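Trainee: Protein chains in written order, with the working numbering: chain A, 1 to 343; chain B, 1 to 255.
Calculated directly from the structure, the hints in this document are not laboratory data. Mixed in with the good hints, there may be bad ones.
[To be verified] With a cut-off of at most 20 Å between alpha-carbon atoms, the simulated SDA-like pairs for lysine to any residue come out as follows:
(1) B:121 to A:136
(2) A:275 to A:202
(3) A:99 to B:117
(4) A:99 to B:248
(5) A:194 to A:275
(6) A:97 to A:48
(7) A:303 to B:77
(8) A:299 to B:248
Quantities reported herein were computed from a predicted structural model and do not represent experimental measurements.
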Amino acid sequence: MADIDKRMTLKDAVAKFIHDGDVVYYGGFQIHVPMALTHEIIRQKKRNLTTIESSTDVGGLDIMVGAGCVSEIHTAWIMNWYVKAPYAIRRAFNEGKLKRYDISNFGATSAMMAGFLGIPFIPIRGNIGTDMLKYNPMDLKVIEDPFGTGKITVVRAWRADVAIIHAQKADRLGNVVSYGTRGVTDEFGAMGTKRGVIVTTEEIVEPEAVRSDPDRTIVPYYKTLAVVHCPYGAHPSACRGYYGLDIRFSQYQGRYERYADLLPAFLDEWVYGCKDQAAYIEKYKSKFGQEGLDRLKPKLGFKPKMDVDYGYHDPTCWKGVPMYTDDRLKAYEDAIAAKKGGK
Amino acid sequence: MADYKLTELMTIRCAREIADGEVVFVGVGLPIMVAAYAFATHAPNMIMMTEGGAIRATAPPALAITVDDPAAFLGADAAFGMLATMAALQRGEVDVAFIGGAQIDKYGNINSTGAGDWSKKESFTYFAGSGGANDMATSGKRVLAIMPQDKKKFVEKCEYVTTPGFLGGPGEREKLGMIGGGPNCVVSTMGVYLFDDKTKEMYLSEYYPGQSIEKIKANCAWDLKVSPKVKETTIPTAKELTILRALDPTGFYLG
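Given only the sequences and the hints, what does the whole structure look like? Please build it.
Mentor: In structure tokens form, the structure reads like this:
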């Protein structure tokens, strides 16, 4: 077994695996938003990215658009819920700097499912009859069901070049462990990628630990390009079992997102002004205090109460055990054999 | 008479639309409170599905503030993902789906994408987008919309149709093969609306205490029809309010 250690710094992971013009699966939803990776993409001034995701909150994609990294988004829902708008995206669209393709949540999730399945498109029930269908012919069409049930919407498969996701745990080989919500759509977005996955993780665990509980693996090692140990890598969104959603910081960031003149100051202070996520967290503590971070501590103690043993059975126990039979079965089989022999 | 907030009245009114044993699909915001309240009162056998992927026989034991909030999954019967619960919509398993939006028109079509003409990019004001509302409204057996009301939000025709109501009128959903029954009820900040079986047009069924039909009509951009049986919404009892407030002791949702 090749033991390839894929751990690297945030900086190296983005420099090595994200290229200008890439299609990027943007992970998470309202939790597990890959914010540290978002900041690093902004710091490295990546350009002309296209993003795909179903829904995304806390303004991560909004500041990435505001910083000029993204030229095209395919989405069902984007905003910073805590200021109730996608301000930078709105401006970029108005200025003609951003193409936006709208679809419903199930449409987007299905598009990634089609990518996951390796098929070109997938039929779904929604989007038909609406303006999303009218204005997003790139992702949505209506066809006649070839099996005769009538009209049906089809959605184009989405396959990213690279996925950026955040998860609770990963091992050095690149096995990604996420639990509690199954990452909403991360397993499909990640598995559908053409090149692979960059993951930031709260904790690096041993491969033996992952292999003792493989049901929780959402991305297996061979799909992973880089593993970045990155505590608080989803802040200000939540990471289940590690920290809760930072509502006050999301609102704070959102108020900067709101004004074109103000957003660069936020980026200077919190993104360009921090060399990595550890520096960002230090800045947080110096500005809003350790008590700000302490407030995010989750209530713990919700371990599974069901004892699970992934036991297996050893088939070598059958060696030397004679065939089970009885008189009826034996008589029948003997009669058939005699008939065959008689011909 | 009990003293109550508008959010409390709306939550309790919405909950009355849920029958015990039904499959209820909830997004975040007031619908979470509606579901928790229904569980605690008349619908203990409700099946709750969330957009984030939880399937629950019980209300979340703590306040969930996002669709994929850990609290929404805490003690769930199944923690799937978005694909799995939204697939239940497509299979026709969902009895009631709760949605919201920024604009609604007389056929119950909803806009949550933006204000203005989308093809005039320089002046279109983007909102968040569909999220799961389109899917819920396409395939849920009954759809309940919770809407803020004024003349800019209750419009003759949505500037952008994100989520289908009855589209242009009777028969249009069927022509497109939609399996869901379409909008069933709208609970606004001023009153409650139902849809005419024949014309599919939305009409006023109830007004909240303190509102008047004239005031409600003035906050609606089309010539709103009013049920001959229009009545004032029954106000919450003290007992109902006690149960509801216990579910949100800090007023996170209810204010």
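Trainee: Hint by hint, say whether it matches the structure.
Mentor: Verification of the hints:
no. : hint           : verdict
1   : B:121 to A:136 : holds (14 Å)
2   : A:275 to A:202 : holds (18 Å)
3   : A:99 to B:117  : holds (15 Å)
4   : A:99 to B:248  : violated (41 Å)
5   : A:194 to A:275 : violated (29 Å)
6   : A:97 to A:48   : holds (10 Å)
7   : A:303 to B:77  : holds (15 Å)
8   : A:299 to B:248 : holds (18 Å)
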